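Participant: From first to last, the protein sequence lines stand for chains A, B and C.
Per UniProt numbering, the very first residue in the first sequence carries number 1; after that it's consecutive.
Per UniProt numbering, the very first residue in the second sequence carries number 1; after that it's consecutive.
Per UniProt numbering, the very first residue in the third sequence carries number 1; after that it's consecutive.
No lab work stands behind these hints, which were simulated from the structure alone.
If you're wondering where the values come from, they're calculated on a predicted model, not measured in any experiment.
To spell it out: a stretch of chain A is covered by chain B in this simulated footprint if at least three of its residues, at any positions, have a beta carbon under 8 Å from a beta carbon of chain B; those stretches are:
1) 139-151
2) 174-184
Here are the simulated DSBU-like cross-link-like pairs (lysine-lysine), alpha carbons at most 35 Å apart as the crow flies:
3) Lys204(B) with Lys103(B)
4) Lys352(C) with Lys227(B)
5) Lys298(C) with Lys195(A)
Heads up, the beta-carbon is just placed ideally off N, CA and C, and yes, glycines get one too.
Spelled out, the chains give:
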Amino acid sequence: MPENKKNAALAALTKLLMAITVSIAVLWTNNLSALSILTGLEIIIALAARSKPLWKGLGGLAFFAVILAVIQLLFSAPFSVAIGSAFKMFIMAVSLLILVATSSTQEITASLVKQCHLPYEYAFMITVVLRFVPDLLKESKAVREAQACRGFHPAKNPLRRIIDYMMIIKPMVFKAIARSENMAISLELRGFSHKGKRTFLASRKLAWLDYSVLVINALICIITIKSF
Amino acid sequence: MLKLENVSFAYAINNKIFDDINIEIDTQEIVAIAGRNGTGKTTLTRLIMGLLHPQAGRIKLDEMVISDKPPYIIAKNIGYVFQNPDHQLFASTVYEEAAYAPKQLGMTEEERDKYVKQALINTGLWDKKDFMPQTLSLGDKQRLSIASALAANPRILILDEPTSGQDCRERTVLLRLMRKLNNNGLGIILVTHDMDILAEHAHKVVVIADKQIAYAGTPRELFSDEKKTIELGLELPETVRISKEMEIELSLTPQELYEKITAGRKKNA
Amino acid sequence: MAKKYHQGSDLRWITITTLLLAIGVILRLISPNIGGISLNWNIVMYVTAILLCRPTLKQGLGIGIVSGIIATMTSKAALPYANLLSDPAAAWSCALLVKTRIFNIKISRICIEPMIVIFITTFISGGIFVSLTKIVLALPMSLYLYAMLPAVLLVAALGALAGQLFYFPAARIFNSDGSEKNFLLKNINLNISKGEFFVITGVNGSGKSTLLLSLAGARPSYFAGFKDSQLFIDDIDIIKSDSAVLNKKIGVVMADYEAQLVTETINDEIAFSLENAGLSPAEIIKKRAEVLQKVGLKNLGNRQITSLSGGQKQRLVLAAILAMDTEVLVLDEPVAAVDPEGAREIYDLLYKLNKHDNKTIIVVEHDLKYVMDMISHMAVLENGQLMFTGEKQDCLKYMYTNKVYAEVIPLRWKIRWEMEQGLC
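Put together the whole structure using the sequences plus the hints.
Facilitator: As structure tokens, then:
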């Protein structure tokens with residue numbers, strides 16, 4: 001999977017711009033036909049990307065869109081409005097999901113820094129957060145097991161459950177704080193605060209393919225909105 | 001007696017960790033679990049603790065079947081001390097930390113105070129009972145996680161690589177504590193890859209290899225067969241190596257080694 | 001104590017925020033919820049980070065931007081982009097509230113600042129979020145008033161409660177940070193020659209790590225500093241040098257490999273140090289292939305770091321440091337968190353680097369099991385004082401006779417001496 005991410009056909013920036021274009025387009029219209037056409041096109045693209053996490057995410061978001069529509073209907077919103085906002089939410093979320101699932105984090109941050117002028121520190125923080133998520137997930141499991149061996153088990157009362165959950169959260173937070181010091185030292189020693197020019201290995205210039213895809217994408221959006 | 005009867009376990013289909021194993025563990029002794037990396041040492045202790053459940057067979061503590069029970073029930077009988085104490089320390093004082101399990105397991109306040117105090121005294125942490133757990137040294141933290149398991153007054157204590165990351169002085173203190181607890185009647189199941197510790201302290205060894213119990217018996221018998229020891233993916237302990245080099249009778253503890261050497265010298269003289 | 005960190009570690013706000021935000025992301029997935037409403041742990045976590053580090057307003061805004069982008073990338077919200085506005089606004093306000101300390105109020109001796117700040121921040125963030133969602137998606141007013149806003153209030157209240165419960169212990173850890181590590185070093189005179197494999201031993205808390213990080217030039221900026229001291233590598237005065245100069249001289253590997261790996265794949269990790277130094281992409285790729293070959297991770301470049309074993313992770317840290325081409329390698333208990341197989345691999349690797357690549361290697365260890373046969377010189381520390389430094393045999397003999405951390409002496413050495421003395 002990571003190999004796929006590296007050699008993705010399109011630059012991360014292209015996918016980001018596509019996501020933004022599509023999002024603007026769907027906010028522009030309330031026409032259900034236009035929205036469903038865009039949704040259909042997007043699903044085709046997502047399926048074509050052949051990425052398992054992307055497909056899984058797609059399912060989750062579809063479910064969530066249905067819930068959003070149902071909640072609105074419960075609060076007596078007109079049917080077309082309820083369905084319309086579910087479509088909009090789905091389209092916007094999927095466009096971002098395609099970006100995240102098919103580009104490496106390094107490339108996304110590189111393009112955020114080089115092309116969108118986000119300060120490097122912030123972009124770096126994003127990569128580190130995503131890098132630690134799977135490790136901390138494992139750690140949370142270890143903590144849960146350790147506490148279970150001391151008699152910890154979830155209570156029935158939901159409020160109680162949240163308070164009890166501190167048993168899991170506290171060791172993790174404490175460990176993170178202790179770890180943050182070594183991490184800061186290590187960053188310093190690896191030249192993170194070095195003032196000179198920094199290289200971005202993962203940064204990528206837009207190629208003719210990127211430009212053509214962007215133009216086609218924009219055209220599709222405009223045509224769909226205008227024709228209904 | 002802790003008995004595993006025809007236990008099979010797999011994390012995923014076609015990937016069996018244990019295939020129909022049978023073993024009896026004496027709950028009065030220090031029993032070490034050894035084996036190569038990834039053979040399932042901690043899977044075994046997790047099964048005993050109820051963190052995992054066998055797909056076939058059962059685990060019994062005396063006559064009580066425990067393999068279908070969750071860890072918070074088993075915790076009354078078996079304490080589990082994990083390798084990394086940071087994964088469990090959460091309270092704001094040492095005392096509170098140790099008092100968590102007894103509270104959770106429904107002891108009366110009187111009992112609780114008694115066992116917590118006893119556990120903290122045993123582990124040498126009574127003087128630090130108002131300290132914050134996270135600010136203790138690593139050795140103290142590890143002993144605190146032992147104390148917090150002891151406070152539930154279990155019959156058996158599982159120690160999973162208890163000396164990892166500790167310096168030699170802390171290690172000595174910890175192993176001495178383990179011996180003392182065992183002398184007071186607590187059964188110890190020790191997961192370790194350190195053959196020196198195993199040779200010096202364990203009464204029995206259980207070696208896991210190829211989804212089976214490949215060896216169960218005394219360390220002396222195991223290490224006297226060098227070929228088998230190596231085959232099982234273990235190393236000879238330093239004491240055994242020295243006794244081989246000096247061509248004296250196989251010695252397991254440094255104490256024994258000293259004695260054998262002295263005896264050998266007297267004989268020669 | 002707390003003040004020192006604000007002068008010294010410019011990067012602590014970054015590391016704390018990222019680790020806590022990562023916890024926030026997973027808690028959103030796994031923590032219990034009340035009727036489908038779960039806490040916004042991201043907010044609780046970044047407010048905690050802001051309360052701990054008390055960053056500038058600009059840094060506060062940055063924390064918000066980061067949290068917003070992360071939330072946009074990971075959440076399933078009705079309007080994904082709303083976080084890009086709500087989080088920065090909320091985090092900036094939070095930094096402002098924390099800076100002015102207006103809520104530093106005590107009720108019966110308990111400071112309730114965290115509770116109030118988390119409540120307000122969550123309310124600002126959630127308020128902006130649901131308002132934007134309502135307007136953009138044209139949701140019904142009744143849904144907004146009777147469901148969305150009350151939900152925000154509930155989430156804010158729960159978050160405030162949760163934050164209050166763990167903030168103070170967290171702050172104590174943040175400010176005391178391993179009291180043992182702060183041990184001051186006294187009157188240390190140590191010379192290590194070029195190309196040597198040198199070990200510094202002593203019990204945990206004897207000051208080994210402090211000494212080692214001082215050698216690397218890391219400690220002086222974290223602590224009040226040195227008094228009447230001189231520290232030289234070649235002719236470079238470490239105490240007076242800028243960290244950029246030192247980074248070229250000394251590479252440091254610490255025991256906690258997790259804390260030192262900051263990217264997703266092996267390739268990215270090696271590139272990180274080199275990118276910081278501004279090398280050209282071609283140079284980076286060449287250097288990277290070279291060091292991965294050296295540490296035995298050659299064909300694993302695209303592997304996710306999460307999927308590596310402890311030993312592999314530690315070798316990766318070493319490779320990332322090797323890529324910086326320093327003359328001296330300094331390692332702080334490099335195998336403390338690694339299994340025995342991995343440990344042996346690491347020491348074999350260090351031995352090779354010392355013998356074939358002529359690196360000066362300085363290792364701090366509380367266990368001599370793996371290094372005993374590789375070294376010729378060593379030193380022993382106790383209570384922040386250098387007790388002995390010199391040839392291995394002399395040092396061990398000193399430790400044995402004077403009972404200075406004698407536990408660490410290998411059994412066969414003890415037996416030899418005891419036989420010499422006729423003790424056994």
